[in-house]
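Peer 1: Sequence:
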Amino acid sequence: MMNSPNNEQLVLGLVGNAASGKDFVATFFAARGFVHFSTSELVRQEIYRRGLTPSRPLQTAIANELRTANGPAYFVEESLRQVNATLQRPDRVLLSGLYAVSEGQYITKELGGLLVGVVAREEDDVRLRFDRLSSRLDGSRDDLTLEEFKDAHHRENSGGTSEANVGQLMKLARFTIINDAYTTAAALDGQVQLILESMEQL
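Going by this note's numbering, the first residue of the sequence shown is number 1, and it counts up by one from there.
Read the hints as simulated data drawn from the structure, not as lab findings.
Computed beta-carbon distance windows for the label pairs:
1. S135 x T86: 26 to 34 angstroms
2. E8 x I178: 26 to 34 angstroms
3. L58 x D131: 22 to 30 angstroms
4. L194 x P57: 33 to 41 angstroms
5. Y48 x K171: 27 to 35 angstroms
6. T145 x Y48: 21 to 29 angstroms
7. D91 x T145: 42 to 50 angstroms
8. L87 x A185: 22 to 30 angstroms
9. L58 x S198: 37 to 45 angstroms
10. S135 x R44: 16 to 24 angstroms
11. L52 x D91: 34 to 42 angstroms
12. L146 x D180: 12 to 20 angstroms
13. G51 x M199: 37 to 45 angstroms
14. A30 x L58: 22 to 30 angstroms
On a predicted model such as this, the values are computed, not experimentally measured, just so you know.
A virtual CB, placed ideally from N, CA and C, is assigned to each residue, including glycine.
Make a model of the complete structure from these sequences and hints.
Peer 2: So, in structure tokens, the structure goes:
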């Protein structure tokens, strides 16, 4: 297994655009002993604390605001603080909901971890991801038209280093999982297993 300077705690970041299937992929890592935490929960907590209704534009804006106020790696640091305080520092942690390059850099450079990308298709996957979003409809946050979803995709892929820019963040991923319309659960499970086996050689 790869060596981590983070006192032997292995931290992986799971990155990808909205509705690429990150949470579903995370279940296969969880089955192999990883504790999964979505940093998006921290954003939603702040939105509810302010008495606001979650939406994708608001979530992106609040996340950028919190990084500016608390540091570019705030979501990684706070997520690990909560996980370690609750579960007495588990050996393996998987963080999803990462959007900024600075978060990926913190995991790879400061924690010695790796990023795993999830894509819904090797080419343009906006329509497939929109169809997935429509089928799950996670409250008003995901109640979008196709054009609104495309606008959200642009917002989440156009920021600077400490802002939402999934496209640039994905370039830091050491491994990529394909989760297209034809990918079965067994195939996803196999991809996760291959990644973990490859990590053993690092």
